[in-house]
Amino acid sequence: MGMAMFNDQSILITGGTGSFGRCFITSLLESYHPRRVIVFSRDELKQYEMQQDFNNPCLRFFIGDVRDKERLMQAMQGVDYVVHAAALKQVPAAEYNPSECIKTNVHGAENVIAAAIANGVKKVIALSTDKAASPVNLYGATKLLSDKLFVAANNITGSDPIQFAVVRYGNVVGSRGSVVPFFHKLLAAGVESLPITDERMTRFWITLNQGVKFVLQGFYRMQGGELFIPKIPSVRIVDLAEAIAPSLPKRIIGIRPGEKLHEMMISRDDSLHALEFIDHYVIVPSIQFNSMPDYQCNPLGERGVAVQPGFKYTSDSNSHFLSVEELRILDQDL
Numbered sequence: 032m033g034m035a036m037f038n039d040q041s042i043l044i045t046g047g048t049g050s051f052g053r054c055f056i057t058s059l060l061e062s063y064h065p066r067r068v069i070v071f072s073r074d075e076l077k078q079y080e081m082q083q084d085f086n087n088p089c090l091r092f093f094i095g096d097v098r099d100k101e102r103l104m105q106a107m108q109g110v111d112y113v114v115h116a117a118a119l120k121q122v123p124a125a126e127y128n129p130s131e132c133i134k135t136n137v138h139g140a141e142n143v144i145a146a147a148i149a150n151g152v153k154k155v156i157a158l159s160t161d162k163a164a165s166p167v168n169l170y171g172a173t174k175l176l177s178d179k180l181f182v183a184a185n186n187i188t189g190s191d192p193i194q195f196a197v198v199r200y201g202n203v204v205g206s207r208g209s210v211v212p213f214f215h216k217l218l219a220a221g222v223e224s225l226p227i228t229d230e231r232m233t234r235f236w237i238t239l240n241q242g243v244k245f246v247l248q249g250f251y252r253m254q255g256g257e258l259f260i261p262k263i264p265s266v267r268i269v270d271l272a273e274a275i276a277p278s279l280p281k282r283i284i285g286i287r288p289g290e291k292l293h294e295m296m297i298s299r300d301d302s303l304h305a306l307e308f309i310d311h312y313v314i315v316p317s318i319q320f321n322s323m324p325d326y327q328c329n330p331l332g333e334r335g336v337a338v339q340p341g342f343k344y345t346s347d348s349n350s351h352f353l354s355v356e357e358l359r360i361l362d363q364d365l
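All residue numbers in the sequence shown are consecutive under the working numbering, ending with 365.
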């Protein structure tokens, strides 16, 4: 298969103007020579701005919503690979507007799957979130449904060799609406204290570049039906506040609607189906496909072993925490 998978191929990314989309496309254009890269998203202003920033002849911009199946069908004509990154992902907003979140995250997932199958796409990777493991909020619940749809889609492909997989990871450092830019905005405004939801809170931590690299690797590793989870460090929210603003006192404001104290990427129940590789985990499907690949050995020749019974992968039980010093260095790189 070589490392030239995307050369002379057409790649479509839903939600392509988001933080992930922009970084993914930058990385794609640096490492490969795709025929077309199709940015499918709703916001004409963001597309316009992205056109100015990238100015690359292989980029195509499609205004459309994943809720609109016909539009997706059009956009996916002649497409080889799809990354599904479009989602409504603000946790409190989803609690207040549940049906909107369901339309985009669940029905949108169904539409992406239908359009990919109808157009003979080769491989599809959908982005998930740690909030989809044992979800307590509506956003996490819709992403759990989306994950299940993408895994089960491998059963409805008929004789077509199309493969679907899911990539799940934690909070992306510095992505829009996340805590680091929020803290910096408060600092710039000259606040006297930093709001902390709860002193015990921990989160998984990944940079945009790490996330993008992991998704690109997923296309090489996937055989269809996997849920890929990277091994990434955790952070304590108090350490993060200390790293960004050591001199400011912290103000406890309480957990927001739908928030957890700690995030989870593999629950105890999921561990029955989890394999551990050197730098990632794979949750294999609990349902039987017509033909089941050998998930313990992926196409890159990496081998995985079943995790211990009762294993769980949570941000508070992680063996690797970032120190205040490491967080400071990361913060400067953003």
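Note that these hints are calculated values from the structure, not bench results. Glycine included, every Cβ here is placed at the ideal spot set by N, Cα and C. Do not take every clue at face value.
[As the list claims (entries may be wrong)] Pairs of lysine-lysine, DSS-like flavour, derived with a Cα cap of 27 angstroms:
1) 153 / 134
2) 179 / 216
3) 134 / 100
[To be verified] Cβ pair distances, simulated, as ranges:
4) 222 / 293: 38 to 46 angstroms
5) 293 / 213: 32 to 40 angstroms
6) 279 / 209: 33 to 41 angstroms
7) 226 / 145: 14 to 22 angstroms
8) 123 / 347: 34 to 42 angstroms
9) 230 / 364: 36 to 44 angstroms
10) 277 / 91: 42 to 50 angstroms
11) 279 / 339: 22 to 30 angstroms
12) 222 / 149: 36 to 44 angstroms
13) 363 / 262: 18 to 26 angstroms
14) 244 / 304: 31 to 39 angstroms
Cross-check of the supplied hints:
1. A C-alpha spacing of about 25 angstroms is found between residue 153 and residue 134, which places the hinted pair at or below 27 angstroms, so the restraint holds.
2. Annotation: proposed proximity of residue 179 to residue 216 is violated, straight-line Cα distance about 37 angstroms (limit 27 angstroms).
3. With a C-alpha separation of about 12 angstroms, the suggested pairing of residue 134 with residue 100 holds against the 27 angstroms cut-off.
4. In this structure the supplied range 38 to 46 angstroms is violated for residue 222 paired with residue 293, their Cβ-Cβ distance being about 26 angstroms.
5. Taken as a hint, the range 32 to 40 angstroms is violated for the pair residue 293 and residue 213, whose Cβ atoms sit roughly 20 angstroms apart.
6. Evaluation of the 33 to 41 angstroms hint for residue 279 and residue 209 yields a failure: the beta carbon distance comes to about 19 angstroms.
7. Between residue 226 and residue 145 the Cβ separation comes to about 43 angstroms, which falls outside the hinted range of 14 to 22 angstroms.
8. Range check, residue 123 to residue 347: about 22 angstroms between beta-carbon atoms, so the 34 to 42 angstroms window is missed.
9. Residue 230 and residue 364 have their C-beta atoms about 26 angstroms apart, which leaves the hinted 36 to 44 angstroms range violated.
10. Residue 277 and residue 91 have their C-beta atoms about 46 angstroms apart, which keeps the hinted 42 to 50 angstroms range intact.
11. As the Cβ distance of residue 279 to residue 339 is approximately 42 angstroms, the hint placing it in 22 to 30 angstroms is violated.
12. The supplied range of 36 to 44 angstroms is broken by residue 222 and residue 149, whose beta-carbon atoms lie about 51 angstroms from each other.
13. Range check, residue 363 to residue 262: about 24 angstroms between beta-carbon atoms, so the 18 to 26 angstroms window is met.
14. A hinted range of 31 to 39 angstroms is violated for the C-beta pair residue 244 and residue 304, which are about 25 angstroms apart.
When each numbered hint is compared with the structure, violations occur for hints 2, 4, 5, 6, 7, 8, 9, 11, 12 and 14.
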